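Protein chains in written order, with numbering that gives the first Met the number 0: chain A, 0 to 303; chain B, 0 to 495.
For the record, the hints were derived by calculation from the structure and aren't laboratory data. Mixed in with the good hints, there may be bad ones.
[Said to hold, decoys possible] Simulated crosslink set (DSS-like; lysine-lysine; CA at most 27 Å straight-line): (1) B:K479 x A:K120; (2) B:K84 x B:K37; (3) A:K160 x A:K108; (4) B:K411 x B:K328; (5) B:K441 x B:K479; (6) B:K37 x B:K441; (7) B:K462 x A:K160; (8) B:K411 x A:K160; (9) A:K120 x A:K108.
[Stated by the list, open to error] Not close to chain A: a few residues of chain B, all C-beta gaps over 10 Å, as computed: (10) W11; (11) G35; (12) I38; (13) G111; (14) P135; (15) E217; (16) A228; (17) F370; (18) R399; (19) M430; (20) T474; (21) M487; (22) L490.
Every value quoted in this text rests on a predicted model; they were computed, and no experiment measured them. All C-beta atoms, glycine included, are put in the ideal place defined by N, C-alpha and C.
Read off the chains here:
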Amino acid sequence: MNRREFLEKSLALAVGTSALLLPGKTGRALGVVVSGPADLAAVRGGEPEDMFDRGLAAMGGMKRFVSKGQTVVVKPNMAWDVRPELGANTNPALVERIVRRCIEAGASKVYVFDHTCDLWKRSYVTSGIEEAARRAGATVVPADQARYYQKAPIAGARILKETLVHELVLQSDVFINVPVLKNHGGAGLTIAMKNLMGIVWDRGEFHSRGLHQCIADLSLLRKPDLNVVDAYRVMTRSGPRGTSERDITIRKAQVLSTDIVAADAAAAKIFGTEPNSVEYIRQGEALKAGTMDLNRLKVERIAL
Amino acid sequence: MKKLRLRPLLVWTFLSGFVALFLLRDAGGGGLLEFGAKIQVFPALLRWEITILLFAGMTLLAGRFYCSLLCPLGLFQEAVHGLGKHRLTGYRNGTPLRYWILAATVISMAAGTLGLLHLLDPFANFGRGVTQILRPAIVAVNNLLASIPLPGDTSRFLHALPPAPLAPLVAAAAGIFLAALAGWSVFRGRPYCDGLCPVGTFLGLFSSHSLLRIRFDEGSCLNCGRCEAACPTACLSSLERKIDHDRCVLCLSCIDACPGGSLRLGILPAREGLQRRTFLRIAGGLGTALGLAFIRRSVEPLGASGAAEAAPPPISPPGSRSHENFSRKCIACSACVKACPAGIIRPALLAWGASGLFQPHLDYNFGYCQFECKSCTTACPTGAIDPLSLEAKQLVQIGRAQFHRNDCIVVKNGTACGACAEHCPTQAAHMVPYRDGLTIPKVDPSVCIGCGACHFACPATPKAMVVRGLPFHGTAKSVKAPGEGPVMDPLEEFPF
Numbered sequence: 000m001n002r003r004e005f006l007e008k009s010l011a012l013a014v015g016t017s018a019l020l021l022p023g024k025t026g027r028a029l030g031v032v033v034s035g036p037a038d039l040a041a042v043r044g045g046e047p048e049d050m051f052d053r054g055l056a057a058m059g060g061m062k063r064f065v066s067k068g069q070t071v072v073v074k075p076n077m078a079w080d081v082r083p084e085l086g087a088n089t090n091p092a093l094v095e096r097i098v099r100r101c102i103e104a105g106a107s108k109v110y111v112f113d114h115t116c117d118l119w120k121r122s123y124v125t126s127g128i129e130e131a132a133r134r135a136g137a138t139v140v141p142a143d144q145a146r147y148y149q150k151a152p153i154a155g156a157r158i159l160k161e162t163l164v165h166e167l168v169l170q171s172d173v174f175i176n177v178p179v180l181k182n183h184g185g186a187g188l189t190i191a192m193k194n195l196m197g198i199v200w201d202r203g204e205f206h207s208r209g210l211h212q213c214i215a216d217l218s219l220l221r222k223p224d225l226n227v228v229d230a231y232r233v234m235t236r237s238g239p240r241g242t243s244e245r246d247i248t249i250r251k252a253q254v255l256s257t258d259i260v261a262a263d264a265a266a267a268k269i270f271g272t273e274p275n276s277v278e279y280i281r282q283g284e285a286l287k288a289g290t291m292d293l294n295r296l297k298v299e300r301i302a303l
Numbered sequence: 000m001k002k003l004r005l006r007p008l009l010v011w012t013f014l015s016g017f018v019a020l021f022l023l024r025d026a027g028g029g030g031l032l033e034f035g036a037k038i039q040v041f042p043a044l045l046r047w048e049i050t051i052l053l054f055a056g057m058t059l060l061a062g063r064f065y066c067s068l069l070c071p072l073g074l075f076q077e078a079v080h081g082l083g084k085h086r087l088t089g090y091r092n093g094t095p096l097r098y099w100i101l102a103a104t105v106i107s108m109a110a111g112t113l114g115l116l117h118l119l120d121p122f123a124n125f126g127r128g129v130t131q132i133l134r135p136a137i138v139a140v141n142n143l144l145a146s147i148p149l150p151g152d153t154s155r156f157l158h159a160l161p162p163a164p165l166a167p168l169v170a171a172a173a174g175i176f177l178a179a180l181a182g183w184s185v186f187r188g189r190p191y192c193d194g195l196c197p198v199g200t201f202l203g204l205f206s207s208h209s210l211l212r213i214r215f216d217e218g219s220c221l222n223c224g225r226c227e228a229a230c231p232t233a234c235l236s237s238l239e240r241k242i243d244h245d246r247c248v249l250c251l252s253c254i255d256a257c258p259g260g261s262l263r264l265g266i267l268p269a270r271e272g273l274q275r276r277t278f279l280r281i282a283g284g285l286g287t288a289l290g291l292a293f294i295r296r297s298v299e300p301l302g303a304s305g306a307a308e309a310a311p312p313p314i315s316p317p318g319s320r321s322h323e324n325f326s327r328k329c330i331a332c333s334a335c336v337k338a339c340p341a342g343i344i345r346p347a348l349l350a351w352g353a354s355g356l357f358q359p360h361l362d363y364n365f366g367y368c369q370f371e372c373k374s375c376t377t378a379c380p381t382g383a384i385d386p387l388s389l390e391a392k393q394l395v396q397i398g399r400a401q402f403h404r405n406d407c408i409v410v411k412n413g414t415a416c417g418a419c420a421e422h423c424p425t426q427a428a429h430m431v432p433y434r435d436g437l438t439i440p441k442v443d444p445s446v447c448i449g450c451g452a453c454h455f456a457c458p459a460t461p462k463a464m465v466v467r468g469l470p471f472h473g474t475a476k477s478v479k480a481p482g483e484g485p486v487m488d489p490l491e492e493f494p495f
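Produce the entire structure from the sequences given, and follow the hints as far as they go.
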């Protein structure tokens, strides 16, 4: 069973409709309009939490990803001791809404963490995410100590064959990746694949062994069940930390996808960068972590 | 009926306050604890030399109550002795060593080094003891507890803390000092106050003439000797019915011990008051002390010049203005060490040279100075670090990043990195085109504040980004332009 078949079959079960309604590869390639949930939803023109609700509906609703009693881990980008207006961290209202939808879908526990760059507690507080996530019912946990990480092998990796990964990513039933789209001095762009650097303990290893390949390798570790790219406030320069509001462009967009490479490709295009020019996105596709060819996916485009 | 004894309660309350001051980043107490730190003798003197008159006057009036109420090391000795309840040995003559210690301390200060003061000051010793011994121990116990799996979600109230900043050799020195003093205190009461402390000896010069003092009521005294056995500074002789007021700290243990109420705290009758000769002696002493203090002002501190020769030069906290200013006023009490949430301010054994023993510095191997934080600037009791607004602190250049190109991952491995620029809060470290589509760091010194984010983040060995301390702190160009908001450019159509 390849990835596509698996996806389709899971969808068939989840939706519970006739297999006849599910489109084949040919159908999609020809751009035939088909029913069923999207592989990628792109939303624009609304507030982050409203765009998420619309995008999620197009993706099949939260019930597609979270079943009753499951544990969920939500991984936003809250790496920096920087306030929300400066766009260095994921929008707190978006994280809050995601957590709320998970709990409504019956999640027994929703965890939120990030292995921050600045001091963890300050970053959790200043980003506004800790408070927002807790308001929605999440358990916000620290990730600042090696004791929370376990060694995990990465099948199919080229360089990063194993690394220390936060235990919640290894143990939770559902993994939701919520990056913010930003310029990045080292990697070019930081989106969904790069956001996963916040689930590992040793980031230095990435830099010293080959940043792009390690980012691509890590995307094979555990495929997020859903990626939600916050492209509301987009840091167009001085990233990933930024220096002032001048570095921010209000784009009011969001990308949701089950495919992490496709999410990065779509977000890169919103940023104005060809996905092909970002090495780790290219390498991610080469490793079959996903596709940057959006034509091969069922894409919903939603304007609010 | 047993006499209600308030003294131990008082001692433990005050001691707890001083422990909290050096233990907790937010010690509470509505600023009272910080005030308690600022009115310590040497911190106050290093801030304003003229306060010497205040301490002298205060002690002339009311004796060495400072030692029994306000000095954390005095409280520590009394608390430890109280736990042991060991019988004391009785009156001893005061040792002349304490005058030599005081003289050596004052002369070394005037000569431009605080090294001896760092070694001897009771407040500084107490602060280092708490931050280097107690704090790491508490963190270790907490982390042990946090590692025990408990049912339910315990993460909100019990989670592992990062290790408390600890300089092993300084911790060893502090540990030996406190352990020795604790052991000694069990048998001798307040041996530091009695025979070694430069602060106590200095105050003793005035307390021997103080108005408020403990006195014998000769008529009712039965010579039972209980007062003498209770005196922690061994300054009371019950046979001779005398008290050496230069060593008496007014702890009132003798009054508590006296069964007949033959000892009481009272005002010296006027006829026994200050003699003309005594007055002149005190005035002369104070004049000399103030003179030395002003000589000290014009002498360049040895710590600063020692540091300048060191490689790499140490980094002093934001607000310390210059290595000279910092070395002139820092008492090495570790209040800033405690205040730093990043745990990068650490006492150094010799980074400031032998004359700056235990003086703290910023060590970027353990983290970096957080851009949105100014905690250390308000923690200093001596004025070695000025309080700064966050805006001002974000522009203070405490060091400067130097890029060693040949050590950089991008050059050595030919792969992308940018960890330095990623962490740089001002984009002083930023990426510029290199070759093969790669980018390489470049440093703009005009906006570099020397926070060490690049230094810490650099994954190369040896580090390609190295921050060196600036002997004179500078002011960076601001990267913030107030009033300029974000660009409005909502996505009008999907590019795919």
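Hints, one by one, checked against the model:
1. B:K479 x A:K120: With Cα atoms ~24 Å apart, B:K479 and A:K120 stay inside 27 Å; holds.
2. B:K84 x B:K37: Answer violated: B:K84 to B:K37 is near 32 Å, above 27 Å.
3. A:K160 x A:K108: Violated, at roughly 30 Å.
4. B:K411 x B:K328: Distance of about 44 Å is beyond 27 Å: violated.
5. B:K441 x B:K479: This hinted pair holds, its Cα atoms lying about 20 Å apart.
6. B:K37 x B:K441: violated (43 Å)
7. B:K462 x A:K160: holds (25 Å)
8. B:K411 x A:K160: holds (22 Å)
9. A:K120 x A:K108: Given pair A:K120, A:K108 holds - Cα atoms ~21 Å apart, limit 27 Å.
10. W11: holds (31 Å)
11. G35: holds (27 Å)
12. I38: B:I38 clear of chain A: closest Cβ-Cβ about 31 Å, beyond 10 Å.
13. G111: holds (37 Å)
14. P135: Check passes; 15 Å lies beyond 10 Å.
15. E217: With a cut-off of 10 Å, B:E217 remains clear of chain A, as the shortest Cβ separation is near 64 Å.
16. A228: holds (51 Å)
17. F370: violated (7 Å)
18. R399: holds (18 Å)
19. M430: Given a closest Cβ separation of 4 Å, the condition is violated.
20. T474: Check passes; 17 Å lies beyond 10 Å.
21. M487: violated (5 Å)
22. L490: violated (4 Å)
Violated hints, listed in ascending order, are 2, 3, 4, 6, 17, 19, 21 and 22; each of the other numbered hints is respected by the structure.
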